[in-house]
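J.: Use these hints to put chain C onto chain W, whose structure you have.
There are 2 protein chains.
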Amino acid sequence: MTVHIREVGPRDGFQNEPERIPTDEKVRLINALGRTGLQRIEVASFVRPDVIPQLSDGAEVLDRIDVPAHVRLMVLIPNSKGLDNALKVRGKFHDAAIFVSASETHNKRNVNRAIAETMADNDKMARRIREAGLGCAAVIATSFGCPYEGKVEPDKVLGLAERFAEAGATEIGFGDTTGMANPRYAKEFFAAALERLPGVEVTAHFHNTRGQGLANAFAAFEAGCTSFESSFGELGGCPVPPGSTGNIATEDLVSMFHEMGAETGISLPALIDTARDVQNVLGRKLTSHSIVAGPIDWH
Amino acid sequence: MTVHIREVGPRDGFQNEPERIPTDEKVRLINALGRTGLQRIEVASFVRPDVIPQLSDGAEVLDRIDVPAHVRLMVLIPNSKGLDNALKVRGKFHDAAIFVSASETHNKRNVNRAIAETMADNDKMARRIREAGLGCAAVIATSFGCPYEGKVEPDKVLGLAERFAEAGATEIGFGDTTGMANPRYAKEFFAAALERLPGVEVTAHFHNTRGQGLANAFAAFEAGCTSFESSFGELGGCPVPPGSTGNIATEDLVSMFHEMGAETGISLPALIDTARDVQNVLGRKLTSHSIVAGPIDWH
Chain W
1 MTVHIREVGP
11 RDGFQNEPER
21 IPTDEKVRLI
31 NALGRTGLQR
41 IEVASFVRPD
51 VIPQLSDGAE
61 VLDRIDVPAH
71 VRLMVLIPNS
81 KGLDNALKVR
91 GKFHDAAIFV
101 SASETHNKRN
111 VNRAIAETMA
121 DNDKMARRIR
131 EAGLGCAAVI
141 ATSFGCPYEG
151 KVEPDKVLGL
161 AERFAEAGAT
171 EIGFGDTTGM
181 ANPRYAKEFF
191 AAALERLPGV
201 EVTAHFHNTR
211 GQGLANAFAA
221 FEAGCTSFES
231 SFGELGGCPV
241 PPGSTGNIAT
251 EDLVSMFHEM
261 GAETGISLPA
271 LIDTARDVQN
281 VLGRKLTSHS
291 IVAGPIDWH
Chain C
1 MTVHIREVGP
11 RDGFQNEPER
21 IPTDEKVRLI
31 NALGRTGLQR
41 IEVASFVRPD
51 VIPQLSDGAE
61 VLDRIDVPAH
71 VRLMVLIPNS
81 KGLDNALKVR
91 GKFHDAAIFV
101 SASETHNKRN
111 VNRAIAETMA
121 DNDKMARRIR
131 EAGLGCAAVI
141 ATSFGCPYEG
151 KVEPDKVLGL
161 AERFAEAGAT
171 EIGFGDTTGM
181 ANPRYAKEFF
191 AAALERLPGV
201 EVTAHFHNTR
211 GQGLANAFAA
221 FEAGCTSFES
231 SFGELGGCPV
241 PPGSTGNIAT
251 EDLVSMFHEM
261 GAETGISLPA
271 LIDTARDVQN
281 VLGRKLTSHS
291 IVAGPIDWH
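Going down the list, the protein sequences come from chains W and C. Counting from 1, one number per residue, gives the positions in the first sequence under full-length UniProt numbering. Counting from 1, one number per residue, gives the positions in the second sequence under full-length UniProt numbering.
Extracted from the complex, chain W is given alone in its bound form:
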C-alpha cells in the first residue's frame, strides 16, 4: 500500500511564522525536503505581498530551488490576479491549487467574498490552469466544521467538491482548518467523498488542534484515502483557538504509516533531520513528537 504525502510546510508553515524567513533559508530547506523522498511539496503562494509578506518571495523561491525531477511542486492561488502572476513563471511548478471555504462566514472572513463569487472565479481559474498545462488541485477549507458557524453539512462540502471536479480539478483536498474533525466522522466522510468523486484524487488535510490529527488520518486511510497533506515540524496551520497547534507533523504522519507497513517513499530519518534543522532557522523548539522521539528502533 502506497500513501502520497504532500509537504505543505514551505507554504502553510512559513506563512504562519511571525517573521519572514530569509529566502536563502527557504531555498535550503525546500532543497533538503526534496531530497527526503517527498514527492509533493507546496512551495509558494501567489497572494498579495502586503497581505502575507512572509510569502512575498514566492517567484524567487521557485526560481532558485533545486529539487529532483520527480518532486511535484505546488503553488497556492488565491484569485485571478494571483494566477496571472503565477503563470508568468509557469515552468517552475507543476500544480496550482485553488480554494474555497465550505462555510460562508469563514470564506467571507478569509477572502472577503461569498462562496458563490469565489466559486465563479475558481471555475475560470481552473480552466486557465488546465489550459496552461498545469495540474489543477482544489482545497475546501473548514470541511469538518467552522469556528464561526459550527457544523458544516457534508453534502455542502461534497457539492463544492463535485463542482471543482467538473471545472477540471483532478485532486481535491478537504481541510480541517481549525481541527474539528473526529475519526468516526472522518472515516464516514472520506468513504462518501471517494464514492462521490470517482477519478479524482481525494486528499486529507488534518490539523492536530486537539491531538486527534493522526487518529483522523488513520480513519481516512481506513476509508480508502491514500493522499495526505502535512507540515514538517508541525509548522503552520490556523492557530484557532489562539495558541493551539495546527497542521499534523509530516514526520509523525510518516512514522505512523511506515509502522503500519504503508510506503511513502520518504526517508523518516532524513525528514526528521530537516524538521530539526528548521528549529535552528526559527530559533525555537518545534512541537512534533518524532523530532524528540526519533524513529522506533526495532533492533
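Just so you know, the hints here were simulated from the structure itself, not pulled from any lab data. One should not assume that every hint holds.
Intra- or inter-copy, both count: the list cannot distinguish identical chains.
[Said to hold, decoys possible] SDA-like, lysine to any residue: derived pairs with alpha carbons at most 25 Å apart:
#: 1; residue 1: K151; residue 2: T2
#: 2; residue 1: K151; residue 2: P269
#: 3; residue 1: K81; residue 2: K108
#: 4; residue 1: K156; residue 2: G261
#: 5; residue 1: K151; residue 2: A262
#: 6; residue 1: K285; residue 2: P242
#: 7; residue 1: K124; residue 2: V200
#: 8; residue 1: K108; residue 2: D123
#: 9; residue 1: K151; residue 2: E263
#: 10; residue 1: K285; residue 2: P239
#: 11; residue 1: K151; residue 2: P295
T.: Okay, now just chain C, sitting in the frame of chain W:
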C-alpha cells in the same frame, strides 16, 4: 456506546515528576478529579519509598481523599510486600493492579526478576487480592514492543494475559510502555485480545511518544475495546526516548470520544480545569492539546 476511562495521573503521572508533590496537593487534585465524572482513578502505588519517594505517601493519600462513592479507586502493587502494606488499608480502595513486562529484558530491568518469578508471585497476589474482596486487575507492560528487545510476540503477551485471567484478574491492561504501537497493529491486537479473554475487561493503555496515541485508541475502540487508561495533563509515562512524552492526555482522549458520540460520563470542561490546575502545582506548562484548545464550540 459507553467508554470507560481510568485516570492514572495521580499514580503514573505523579510518580514521574522529579519532585515529590505535597500530599495536600495530591489530595486536592484527586478530589477534583473525582468530581469530573471520572469513575476510575489510580491513586497510589505500594512501592518501596526509597525506590519511588514520589509515592511514599500512598496510604496517607488514600486516607485523606474524599471522592464520590461511585468512583472506583485503584492502587498498584509491585510485589507481595507491597500487597501486605496495601491490605493494611484495604477499606480505602477498590481495585489492586499487579503487573509484569512482556519483554524479559524490560521485566528484569524494571523489577529485577525473570518473568517466570514475577508471574509466580503474581499468581499468589491475585489470590490474596480476591480473598480480600478486592477487584484484581493485571497490567502487561511493553505489550506492543520493547525498547531493549524490539518486537514482542502478541502470542506471548496474550499467553501472559490468559494466565492472569486464570489467576483471577477480571481486568487486563495492555501497556504501550514506550509508544511503539501503531493503529493497524493495535486494531489487530485488541481484536485478538477480546477474543481470547472472554469475560475479562480488556483495557488499552497507550502512550503518545510519536503522536499516535489517540490513533491507537481509536483503532482499539474500532476493534471493540471500550476501556482505556490515560493521564490528565499528559503527565507521566515512561520518558523513553529521553524527553519524549508518555501517557495520552485524558482530556484529549475524552474530547475524541465525545466528538465521536461515545459517552464517558466525564465533564470535559471540568477535566480541563483540573489539568490546567496541575500546571500551577508543577510550575510548568503541560503538553496536552485540550489544555490549550479547549473543547470544540459547536455553537
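J.: Confirm or reject each hint.
T.: Verification of the hints:
1. K151 - T2: Between. Shortest inter-copy distance 24 Å satisfies the 25 Å Cα cut-off; intra-copy 32 Å does not.
2. K151 - P269: between (39 Å within a copy, 20 Å between copies)
3. K81 - K108: Close inside one copy (18 Å), not across copies (67 Å); limit 25 Å.
4. K156 - G261: between (35 Å within a copy, 22 Å between copies)
5. K151 - A262: between (32 Å within a copy, 18 Å between copies)
6. K285 - P242: Answer is both: 18 Å inside a copy and 16 Å across each meet the 25 Å cutoff.
7. K124 - V200: within (19 Å within a copy, 61 Å between copies)
8. K108 - D123: Within. Shortest intra-copy distance 18 Å satisfies the 25 Å Cα cut-off; inter-copy 66 Å does not.
9. K151 - E263: between (34 Å within a copy, 20 Å between copies)
10. K285 - P239: both (17 Å within a copy, 18 Å between copies)
11. K151 - P295: between (37 Å within a copy, 14 Å between copies)
Every hint, counting from the list given before, is met by this structure.
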